[in-house]
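A.B. asks: Guided by the hints, dock chain B onto chain A, whose structure is given.
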Amino acid sequence: MGGTSKTLFRLGTILLLSLSVILSGCSGGTKLSGNKNTPEQSAGENNGGKVEPFEISVFIGEAGQQPTPDNKIYKMIKEETGASFKFEFLAGDIDQKLGVMIAGSDYPDLMTGNTKLTTAGAYIPLEDLIEEHAPNLKKHYERYWNMMKDPNDGHIYILPNYGVLNGDPASNWYAGPAFWIQKAVLEDAGYPQVKTLDEYFDLIAKYKEKYPTIDGTPTIGFEILNYDWRNWGLFNAPQHLIGHPNNGGVVVKDGKAEIFADKDYAKRYYQKLNEMNAAGLVDKEAFTQNYDQYMAKISSGAVLGMFDQHWNFQTAEESLITQEKLERTYIGLPLVYDTSIRDHYKDRPALNLNNGFGISVNAKDPVKIIKLMDRLIEEDWQKILLWGIPDEDYYVNEEGRFMKTQEQRDNFNDGTWKLGNKADAWVKFAPKMEGYFSDGNSTDAAAQPEEFKAGLKPYDRQFLEAYGFDSPVDFFSEAPENDIAYPAWSIDLVDGSEAKIVNTKQNELSTKYLPKAILAKPSDFDKVWNEYVSEIGKLNIKAYEDRINEVLQWRTETWSVK
Amino acid sequence: MDETLTKDRTVRKSKNEKKMTWSLIKSQSQLIYMSVPLLAYIVLFAYVPIWGWTMAFQDYKPARSFSDQKWVGFKHFEFLFKDDSFLQVLRNTLAMSIINLILGFTTAIILALLLNEIKKVFWKRTVQTISYLPHFLSWIIVTGIVATSLASDGIVNDVLLKLNLIKEPIQWLSEGKYFWGIVGASHVWKEVGWNTIIYLAAMSAIDPALYEAADIDGASRYRKMLHITLPGIKPTIIILLIMSIGHILEAGFEVQYLLGNGLVVDWSQTIDIFVLKYGLAQGNYSLATAAGIFKTVVSVTMLLFANWMAKRLGEERLL
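For the protein sequence lines, the chains are A and B, in the order given. If you're matching positions, the first sequence starts at 1 in the working numbering and goes up one per residue. If you're matching positions, the second sequence starts at 563 in the working numbering and goes up one per residue.
In short, the hints are calculated from the structure, not lab data. Quick caveat: nothing in here was measured; it's all calculated off a predicted structure. Among the clues, some could well be false.
Stated by the list, open to error - 25 Å max Cα-Cα, derived DSS-like pairs, lysine-lysine:
| id | chain 1 | residue 1 | chain 2 | residue 2 |
| --- | --- | --- | --- | --- |
| 1 | B | Lys839 | A | Lys538 |
| 2 | A | Lys149 | B | Lys623 |
| 3 | A | Lys75 | A | Lys383 |
| 4 | A | Lys97 | B | Lys623 |
| 5 | B | Lys839 | A | Lys97 |
| 6 | B | Lys729 | A | Lys284 |
| 7 | A | Lys516 | B | Lys729 |
| 8 | B | Lys644 | A | Lys542 |
| 9 | B | Lys839 | A | Lys512 |
| 10 | B | Lys724 | A | Lys284 |
| 11 | A | Lys516 | B | Lys739 |
| 12 | A | Lys368 | A | Lys86 |
| 13 | B | Lys729 | A | Lys538 |
| 14 | A | Lys527 | B | Lys739 |
| 15 | A | Lys542 | B | Lys637 |
| 16 | A | Lys116 | B | Lys839 |
| 17 | A | Lys516 | B | Lys681 |
Unchecked claim - Pair by pair, the computed Cβ-Cβ distance ranges are:
| id | chain 1 | residue 1 | chain 2 | residue 2 | range |
| --- | --- | --- | --- | --- | --- |
| 18 | B | Gln650 | A | Ala279 | 29 to 37 Å |
| 19 | B | Trp633 | A | Asp546 | 23 to 31 Å |
| 20 | B | Phe643 | A | Glu324 | 54 to 62 Å |
| 21 | A | Asn152 | B | Trp633 | 17 to 25 Å |
| 22 | B | His697 | A | Asp106 | 17 to 25 Å |
| 23 | B | Lys729 | A | Glu209 | 20 to 28 Å |
| 24 | A | Glu324 | B | Ile717 | 23 to 31 Å |
| 25 | A | Pro390 | B | Thr691 | 57 to 65 Å |
| 26 | B | Ser627 | A | Glu127 | 20 to 28 Å |
| 27 | B | Phe643 | A | Ile341 | 46 to 54 Å |
| 28 | B | His697 | A | Glu142 | 56 to 64 Å |
| 29 | A | Asp202 | B | Thr691 | 50 to 58 Å |
Here a beta-carbon is modelled for each residue, glycine too, at the ideal position from N, C-alpha and C.
The following block holds chain B by itself, in its conformation from the complex:
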């Protein structure tokens, strides 16, 4: 059904390709009208704001007209890249982002695979509901929970002590080496159920006949997972991966800001916190914009790269 439709469309397209006549426009006028709000929306909210990038090359002072601003060229970019801590901040951002990406993907897919194997609808629903509920909590609450459970009399230390795995409570939040892990784990706890939903949806679209055929061939559960379910959701995985790679420089802000402290600052500070400290809190909007541009450029490059890779590998692409 799908295929015939596309074929039909291409045929028509080739017929009309050369002449863009008034009658054609007229006949499709309703379609054009319908797309106007969308186009306007995109222009207004996605392209007009790019104008604000000019701020990065000025010493921007609010509430002054454009012609009154002082142009300073690449000064703010220089400040960013010359600052000693910026490299460290970049490292932290990338590290935490990659940890989140990998953990987020693997845990969500594994949970989806496991849920897919549960045949009792009641249990499946229960597990799913419990696992996606944290998604609806805001980070400020989640970090509160995390900080409380990691306190010296918190549940984590309690359990470890009871199991005799440690002799003394560990100060989780005072050691830089634990910080990335804590952030990753918090992300998993909060988002794993939510991320699972889309994979479960993709799994439900897999033709049951494939499983039946595999059953007849005597495939085990793991074989079926490996050779039917996983390939079945591969396009979804790739698309989501491409989309997340675009956000590689957005390791988040709230978690690191709310859980960070003086002792772990070398591991916890991300670009966003740096920008808040030296940009927004100082009224230096130009610096904040410069950092934003840097992030955007990196993101777009990564996105295009991932997309190109997917194409080379003969996979589903985003663009």
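Same shape as in the complex, but just chain A:
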């Protein structure tokens, strides 16, 4: 008998040891393969040995794929500047990864922006470095200089990747929040103008009655996603319905922010959803499904409408296009409660301070890195990075406009092709031109109006013609000038602060009570709603609102362009 337990123990020890050996072997392995993936080139390929090769290690805070070793754009960068990149993409949970990085002060040269890293002092201040070595970057960011400063200590740590605009760029693709509806529903109803929430649900109800199944699957009237951090599908609609732009969890009126989760105009929306649920329009599984199930439902073409951000379900829509179910793709509608309210869904891109690159305190040669970024922000390089190589990835027509052939267009939508022919991992987070080049071409291929039109599928062209619009964006009202302090959702609530804890708790309450309220019998709705409001009342919401207002005010004071 005694033998059994001892044997077990010995077995356990051996297992443990071999496991540790295997594990250490594994981690060594990943490092090796990481090295292999960087384009290694002999020094001889550099122009007459003039440029000195150097490698920049880059941490990208989201999942991604390594470019191929012979990627043509990275090769060009290496030939001109000597710089090659060693990318590390996020695998797994970002908080966990950052925790490990911070605990060991183990930072690569460049890292994408994150407030956790800023708080830990992982970035170096950039203002002097830019003043001294990077005239182009300085010029690029000139108008935004004050906005880029960290509210906590006034230094610039991150070079924002989006939101530095040259002119008012045309856009044809709307990425933001809206009430989405299948083109088939509008087509079936004779292309009506839809402005209010009530009209929207009427359309959906009628269509669902007429077509109870789509391609064999039961039609889903309205879909809601509320899963993990993708929770806005349930939370954010009320602020838009009263004509406010997306400020996250608050509505800002006259520079003053307050939460809207428990307000009457929020109740109105959820009560409507409650009625719609009773009428069988809301998906029964809406609140239990995960993101994959949500995407699968949209890809099946059976979902008539939902409130969401376009980029969030973009891949599902792409799958519909691949299946050639163009009538099942979506149009975003800027709905409001009644027609007296002007919709404010579309906004001007605001500077996103939580995104873009910062140089870490461990970088061996920050000057070299900033000089490289300074070179790459110049227009000739921007054209290469954003459009590609002329006559290879696009062509220039007689009027000097950049255009693409269908093949080139398809390439640009092909992930595998991009790994070898575009510097996507770099471009996405590096400082970049947005708007127009000096020759009037759009910086973004998809925003070039004639290029967009040429790329439209016949069905979409016909659909837009029926409405007399040039692009789906025309469904939205023109965006008014943003408030200086906009948007409130980018405010750092400061980890561990009362404001952040309150915000977490409020989100938890909403996740718990809103589904309950929507699924309740219509006669019970008020009861659940009152319980929800009283639970929110128990939280110290003021701490949260105060933090937002404090930063909004700070922004208004320091960001004003003098």
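C.D. replies: Okay, now just chain B, sitting in the frame of chain A:
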């Protein structure tokens, strides 16, 4: 053979017990050298990290030196125990853990007993392989499978509808009362085959003569299971039980996190999820550490208790 060895050892031990001489150390130096890496391993990976517990009593800020940290005493423990939802979270953790423990043990032992009765090696292997394969799937995949099969058009509802047991598809994941059961069942499906292996190994060590003797006495299959096989694997069961009781506050994290939603949050949130929300996601590493210490203290207490119980019952012990 085993017994004589131990006797031999005790004799030698008593002879040399009093004098720990250099010559003794020298003569055993190879043994000592061999144990150094192991000791170093344990010190480095099991004892040095305990130093990190100091974080629980500070307002820990990363990337600052130890002397720069602010000491706050038991603040984080207070936050834990004063929070309304913590009690609920504790209840969920314990409940799911105990369900997993009981279900895990009974199903594994029953499956092992049944497998042990199969005489055709081919069938035995087939059943075993099929039942332990899910062990190699990660929870993210398993929860994906679970969520899909429990969907309103999933296989579970399909089967129940076809059998006319229900009239309408049940929304399994939207009712708190089903949640613990779903978690337990998922655990069983994933781990039952794997947990069976060790019992089968223990069963193979039982002397066949016992079965033959029982046959002669005219014992039935069930009698043999009850009086030979089960007592034969009892030490294994007890040891494994003691070891699992130490993990009583680890009901898991992935399943509850991935399957949970707003409607069942009162039943699905475990300590680990709570810590993730209010500790790691908030950059509040001190709170996470405090919760970790709490869990460790409970685990060690439970382990010692179970061990003591085993001793009282005259059973095999771990310590």
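A.B. asks: Next, verify each hint and record whether it holds.
C.D. replies: So, going through the hints one by one against the coordinates:
1. Among the hinted pairs, Lys839 of chain B with Lys538 of chain A is consistent with the structure: their alpha-carbon atoms are about 19 Å apart, no more than 25 Å.
2. A threshold of 25 Å between alpha carbons decides the hint, and for Lys149 of chain A with Lys623 of chain B the separation of about 22 Å falls inside it, so the pair holds.
3. Restraint check for Lys75 of chain A and Lys383 of chain A: the C-alpha separation of about 16 Å stays at or below 25 Å, so the hint holds.
4. The suggested pairing of Lys97 of chain A with Lys623 of chain B holds, with an alpha-carbon distance near 16 Å, which does not exceed 25 Å.
5. Pair hint Lys839 of chain B plus Lys97 of chain A holds up; C-alpha atoms about 16 Å apart against a cutoff of 25 Å.
6. The straight-line distance between the Cα atoms of Lys729 of chain B and Lys284 of chain A is roughly 16 Å, inside the 25 Å bound, and the hint therefore holds.
7. Of the pairs offered as hints, the one joining Lys516 of chain A and Lys729 of chain B holds, with about 23 Å between alpha carbons and a cut-off of 25 Å not exceeded.
8. Proximity of Lys644 of chain B to Lys542 of chain A is assessed by CA-CA distance (about 21 Å); at most 25 Å being required, the pair is judged to hold.
9. In summary, the hint linking Lys839 of chain B to Lys512 of chain A is supported, as the alpha carbons are separated by about 15 Å, within the 25 Å threshold.
10. A distance of roughly 21 Å separates the Cα atoms of Lys724 of chain B and Lys284 of chain A; the hinted pair therefore holds under the 25 Å criterion.
11. About 15 Å separates the Cα atoms of Lys516 of chain A and Lys739 of chain B, which keeps this hinted pair within 25 Å; it holds.
12. For the proposed pair Lys368 of chain A and Lys86 of chain A, the alpha carbon gap of about 15 Å is at most 25 Å, so the pair holds.
13. Restraint check for Lys729 of chain B and Lys538 of chain A: the C-alpha separation of about 41 Å exceeds 25 Å, so the hint is violated.
14. Distance restraint check for Lys527 of chain A and Lys739 of chain B: the Cα-Cα separation of roughly 22 Å lies within the 25 Å cut-off, and the hinted pair is therefore satisfied.
15. The straight-line distance between the Cα atoms of Lys542 of chain A and Lys637 of chain B is roughly 23 Å, inside the 25 Å bound, and the hint therefore holds.
16. Between Lys116 of chain A and Lys839 of chain B the alpha-carbon distance is near 15 Å, which keeps this suggested pair within the 25 Å criterion.
17. Straight-line distance between C-alpha atoms of Lys516 of chain A and Lys681 of chain B comes to about 54 Å, which puts the hinted pair past the 25 Å bound.
18. Taking the beta carbon of each, Gln650 of chain B and Ala279 of chain A are about 34 Å apart, inside 29 to 37 Å as hinted.
19. The hinted range of 23 to 31 Å is satisfied by Trp633 of chain B and Asp546 of chain A, whose Cβ atoms lie roughly 27 Å apart.
20. At about 59 Å, the CB distance of Phe643 of chain B to Glu324 of chain A agrees with the hint of 54 to 62 Å.
21. Checked against the given bound of 17 to 25 Å, the beta carbons of Asn152 of chain A and Trp633 of chain B, roughly 23 Å apart, stay inside it.
22. At roughly 33 Å, the beta-carbon separation of His697 of chain B and Asp106 of chain A lies outside the given 17 to 25 Å, and the hint is violated.
23. Checked against the hint of 20 to 28 Å, the pair Lys729 of chain B and Glu209 of chain A passes, with Cβ atoms roughly 23 Å apart.
24. At about 30 Å, the beta-carbon gap between Glu324 of chain A and Ile717 of chain B stays in the expected band of 23 to 31 Å.
25. Between Pro390 of chain A and Thr691 of chain B the Cβ separation comes to about 59 Å, which falls inside the hinted range of 57 to 65 Å.
26. For Ser627 of chain B and Glu127 of chain A, the Cβ-Cβ distance of about 27 Å falls inside the hinted range of 20 to 28 Å, so the restraint holds.
27. Distance hint for Phe643 of chain B and Ile341 of chain A: a CB-CB separation of about 48 Å, consistent with the stated range 46 to 54 Å.
28. Look at His697 of chain B against Glu142 of chain A: about 59 Å separates their beta carbons, and that is inside 56 to 64 Å.
29. Checked against the given bound of 50 to 58 Å, the beta carbons of Asp202 of chain A and Thr691 of chain B, roughly 56 Å apart, stay inside it.
In summary, the structure is inconsistent with hints 13, 17, 22 from the numbered list given earlier, while agreeing with the others.
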